[in-house]
Amino acid sequence: MAEPRLIEISPVTRVEGHGKVTIHLDAAGEVDEARLHIVEFRGFERFIRGRLLWEVPVIVQRLCGICPVSHHLAAAKAMDMIVGVDALPPTAEKMRRLMHYGQVMQSHVLHFFHLAAPDLLFGFDAAPERRNIFEVLKDQPELGRRAIAMRRFGQEIIEATAGKKIHGTGAIPGGINRNLPLETRDALLAQMEDMEAWSMDALALARDYTLEHAGIIGSFAAFGSNYMSLVREEDGALDLYHGALRALTSTGEPIFDKLDYTRYAEKLIEDVRPWSYMKFPYIKTLGSERGWYRVGPLARMNTVDFIDTPKAEAARQELRDITAGRPQHAILANHWARMVEVVHCIEKVRELLNDPDLQGTDLVAKGERRREGIGVIEAPRGNLIHHYEVDENDQVTYCNLIVSTTHNNEGLNRAVKDVAVSHLSGRREITEGMLNHVEVAVRAYDPCLSCATHALGQMPLRVELYDAEGGLVAERIRDH
Amino acid sequence: MLVIGYGNPGRGDDGLGPAFAAAVGAIGPPEVEVSVDYQLTVDHVLEIADRDRVLFVDADVSLTVPFALTPLAPSRCGNLTSHSLSPGDVLALSQTLYGTVPEAHVLGIAGERFDRIAEGLSPAAARNLDLAIGWFVEWTGAPAKNPSRA
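These protein sequences, in sequence, are chains A and B. For the record, in the first sequence the residue sitting at position 453 is 942 according to our numbering, with numbers rising by one throughout. For the record, in the second sequence the residue sitting at position 139 is 1182 according to our numbering, with numbers rising by one throughout.
Possibly wrong hints are sitting among the right ones.
[Unchecked claim] If you anchor each label on the Cβ, the simulated ranges turn out as follows: (1) D883/A / R1170/B: 50 to 58 Å; (2) A686/A / L1112/B: 22 to 30 Å; (3) E807/A / T1143/B: 33 to 41 Å; (4) V1104/B / W764/A: 43 to 51 Å; (5) L1112/B / G960/A: 39 to 47 Å; (6) I705/A / T1143/B: 34 to 42 Å; (7) S739/A / T1107/B: 41 to 49 Å.
None of these hints come from the bench; they were simulated from the model. On a predicted model such as this, the values are computed, not experimentally measured, just so you know. Note that the Cβ used here is the ideal one computed from N, Cα and C, for glycine as well.
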C-alpha cells in the first residue's frame, strides 16, 4: 500500500510577494488537506502606531511596491475623516480619482500580460521552459510593448497627481496638494487614442480566451461564494474610489447593502488560524463557515448594478450574459473582469482629463477634528480598509488594515484545495504541470502577499507535497 | 551611462542602492545619469533600452568584501512578478522587446542590517558605501565634487 504524501509548491511564482502552499495526501493518494500559508510576518499595524497623522498616507505606501497608491488613498480618506472632512473640494476628489484610475489600470495590465499570459497562451500543462513571459514576448512582442507603454501611462498619471511615481505625497488629509497643469493634461490626452484602442484589444483577448476555454474555466476552481465591494451609494454603479459596502450571496441575494463603510466592523470579523499569519475575515451574521466572501474585479462585476462608462458597461453585460445575470464564480473569469475595468479606467481618465475642475485651486477642506478615521477604496485586487485612531497629539494609537488578499484568504485556500483534489488526487506521479494548476488558481486572485501580511519587501512562497506521515516527498522551488 | 540605484531606504541597509545613486547624482560626473527606485520593474526596461552602459546598484547580503562589480547577462528565468524584476530580467526584456542589450554590470554593496523598519545605514554599510563611491569615481574618471554619502 502506498504511503501518504505531501506536496509543497514553493515558491508559487508570478504572484506578488511570497508564501507557501502545502498539500497533504492520505495513504490512498487522495488530497487530504491543502493550504496557502504565509511564511513571514512583520507588524506594520504596530509600526504605524506613534506616527503623526499627516505622515500616515505617505508611510503606508511602504506596505506594497505594486499598489502603493491604493494604500496612499485609503489612508488619506481615513485622515480626511479625522480632520473632520466629509466632502472634498471637487478638484481634490477628481485628482485623487485620476490617480486611482491610473493605478488600477496599470496594475491590471501588468498582471494580465506579464503574470497570467504564459498560462493563458500556452496552457497550464505546457513545459515550464515554454510557459514563461519571454516565450510569450517572442510570440507576441507587441503585446509586451503595449503592456509596458500602458504601465508607463498609468505611472505618468500617478506622477502627475501624486508628485512622484513612487511614494507620492499628493493626497493629504482633507484634500490634495496640487492640481493638474494644462501642459501635463495635454501630454496625457495625446496618448488617449492609443490607450483606448489597446484597452479594447486587451479586453477582446481576455474575452475570447474565456469563451474559447469555457469548459476548462467553468470547471477550474469555479465554486460559489459571497461577494463584497463598494458600490456607488445612490445607484449601485461601479465606483473604485468611494461608495457604500454591498455584500451578496452566491446566488445574488443581498446580505447587506448601502452600508456606510465606517460601520464595516459591525458586519465583518477577522478569524485567526494557527497555521497562517494571514487573518480570515467573514460576515458575522453568517458565521465563519458560510460567511466568507471574495473581493476583486470579478466580485465587483457580480456586485455592481452597472458601470457608468459605455464601453465597459457593454463589456460587463457580455460577461454577465454568460451566467444569465447571476454571479459568475469561475475564478479565471477574473482576467476578463480585469480588462473590463481597464476599459472603464481609460474611459474615466479621458472624462477627468477633459474636466476643468482639475485645474481648480481649491484643494483642501477643513473640519472639526475627530479621533477615529476609516478609509475604504476598491484597490486593483479588491476592497481595502484602513482604520486608525489618533490621540490629542496627532499620533496614531490604533491601526487596522484589511487588504484585498486578506478578504480573499478563505477563497484562495478553497481554490487551492479544489484544484489539488481535481488534479492531484489519486495520481501515481505528481508532475510539474499538475503543480502549476495549483499556482494558476493562486495567480487568478492576483494575491499580494506582501500586503496581506503587512510585510516590507519580499517573501518567498513555496509549494510542498507531504505524505500522511509528514514526510516531504515533492516540492517546487523556482529560484527567482 | 545610466546608474540605477534601487532598494527600500525604509529598511536600513536596503537603502544602499538609492544612497549610492543619490551620491553619484550629487557628484554629477558628465555622461552619467542617475535613476533611483524602490525596486526594479518593467518601467526600467524602457529606461535601459537605448543606453550603451547600465550599472545596477543594490545592497548585498552575501558579500565578504565591501563591494563587488559583476558583469551582467540577460536572465532566462521568466518567472516575473510585477513587484520586482532582477537586473537580468530587465536586460532580457529589453533584448526580447526592443532587440537591444546595453553593456551592464551589477554593483553590490555589502549591508548587514535589513530587518529593521527604519531609515539610515548601519556604520559598516556607510563605510562600504564610501568605498564604493570612491571606486566609482576612479572607474568613470569623474571629478569628485563630494565623494561621500548624500
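Consistency of the hints with the structure:
no.: 1; hint: D883/A / R1170/B: 50 to 58 Å; verdict: violated, 38 Å
no.: 2; hint: A686/A / L1112/B: 22 to 30 Å; verdict: violated, 44 Å
no.: 3; hint: E807/A / T1143/B: 33 to 41 Å; verdict: holds, 40 Å
no.: 4; hint: V1104/B / W764/A: 43 to 51 Å; verdict: violated, 28 Å
no.: 5; hint: L1112/B / G960/A: 39 to 47 Å; verdict: holds, 44 Å
no.: 6; hint: I705/A / T1143/B: 34 to 42 Å; verdict: holds, 38 Å
no.: 7; hint: S739/A / T1107/B: 41 to 49 Å; verdict: violated, 57 Å
The structure fails to meet hints 1, 2, 4, 7 from the earlier list, while all remaining hints are met.
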